[in-house]
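Peer 1: Heads up: the sequence lines are chains A and B, in that order. Quick note: the first sequence uses this note's numbering, first residue 1, plus one each step. Quick note: the second sequence uses this note's numbering, first residue 165, plus one each step.
Don't take every hint at face value.
If you want the footprint, here are the derived chain B segments under chain A, 3+ residues with CB under 8 Å [unchecked claim]:
id, region
1, 197 to 211
2, 239 to 253
3, 259 to 268
Selected chain A positions facing chain B (Cβ under 7 Å, derived; list incomplete) [as the list claims (entries may be wrong)]:
id, residue
4, Leu38
5, Leu40
6, Ala41
7, Asn45
8, Gly55
9, Phe58
10, Ala77
11, Leu78
12, Ala85
13, Ala86
14, Leu89
15, Val98
16, Val100
17, Gly164
To be clear, the hints were calculated from the coordinates, so they are not data collected in a lab. Computed from a predicted model, the values in this text were never measured in an experiment. Here a beta-carbon is modelled for each residue, glycine too, at the ideal position from N, C-alpha and C.
Single-letter residue listing:
Protein chains: 2
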Amino acid sequence: MRVLGIDPGTAKLGYGVIEGKEEFRLVNLGVLSLSCHLPLAQRINLLYLKMLEIGREFYPDEVAIEEPFFSQNARSALTIGRAEAAAILAFSLQHIPVCVYTPTQIKMAVTNYGRSSKEQVQEMVRLLLSLSEAPPSDAADALACAICHWQQKRITTIIHDSRG
Amino acid sequence: MRVLGIDPGTAKLGYGVIEGKEEFRLVNLGVLSLSCHLPLAQRINLLYLKMLEIGREFYPDEVAIEEPFFSQNARSALTIGRAEAAAILAFSLQHIPVCVYTPTQIKMAVTNYGRSSKEQVQEMVRLLLSLSEAPPSDAADALACAICHWQQKRITTIIHDSRG
């Protein structure tokens, strides 16, 4: 299974792709810059088209998106909500399943602690994917989200198989 | 020109369609309920498909969307941002121009006062469209947004024509 993780922010969108059946490995990661001076409709279109491009490049089986913190201010939340919806639509309209995880669920999955720091997430992602260097924070969050989803699916598969 | 106005909220989305060249008249209005218990991705998909349906029913030449107030809390802003992006994508991917207006711009356009109340907007929309009753608040806001856009385009046309 190949999972694309997405972390939509106000100025940047991190993404990370992992794949594997019993273990996972890194396929790719990146950070898109969202800040530009185009009108809103064009900006959302551009992000949607970028998501389609990433879809065509990596053919994910499933997509996992990180929910923003609610401690954000309203302006940031609005911007992130728009980016999140554009990313969701780019994949769900192609019938690729999209799941959403809270930051706590993601941190629990990769660090076993729901309130770990950005640096702890980066370091655990580096270890779990056997990377020589920690990925940039936005991409690390996206990879952590992909790992969280991969683990959920893996547990479901194990339970399903054990019930024959 | 036929203009579709949209007012995305947290639980409801108001829409209103007007048309006309030198004067405008009401074509239709409505309010969609957005609150349902589906997972996020399905909810956004559903809204996108509803927007496509409205597009197929009324064939707007242009779409005008009301920006939310920034005094909203972060959770509301996130929800509205998602609805806004889904509505924008439904039309802009079909190359129908989409413009976004602030509440102040819209209130100035219909009541000549940027801080008018919801009731004042409803009453002015009723008068401007010669309706016997004021439309529901969400639909009135959407119609006010459509009227704001129609006026902008009308002014641009008049200036353009006067320059020959």
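Peer 1: Compare the structure with each hint and give your call.
Peer 2: So, going through the hints one by one against the coordinates:
1. 197 to 211: holds (count 6)
2. 239 to 253: holds (count 14)
3. 259 to 268: n = 4 at 8 Å, threshold three: holds.
4. Leu38: violated, 12 Å
5. Leu40: With a closest approach of 5 Å, the A/Leu40 hint holds.
6. Ala41: A/Ala41 check passes; min Cβ-Cβ to chain B is 4 Å, inside 7 Å.
7. Asn45: holds, 5 Å
8. Gly55: violated, 14 Å
9. Phe58: The hint is violated - A/Phe58 has no Cβ within 7 Å of chain B, the shortest such distance being about 19 Å.
10. Ala77: Result: holds, 4 Å to nearest chain B Cβ.
11. Leu78: holds, 4 Å
12. Ala85: Holds: closest Cβ of chain B sits about 4 Å from A/Ala85, inside 7 Å.
13. Ala86: Status holds, d = 5 Å.
14. Leu89: holds, 6 Å
15. Val98: holds, 4 Å
16. Val100: Holds: closest Cβ of chain B sits about 5 Å from A/Val100, inside 7 Å.
17. Gly164: Nearest chain B Cβ about 29 Å off; hint violated.
Violated hints, in rising order: 4, 8, 9 and 17; the structure is consistent with all others.
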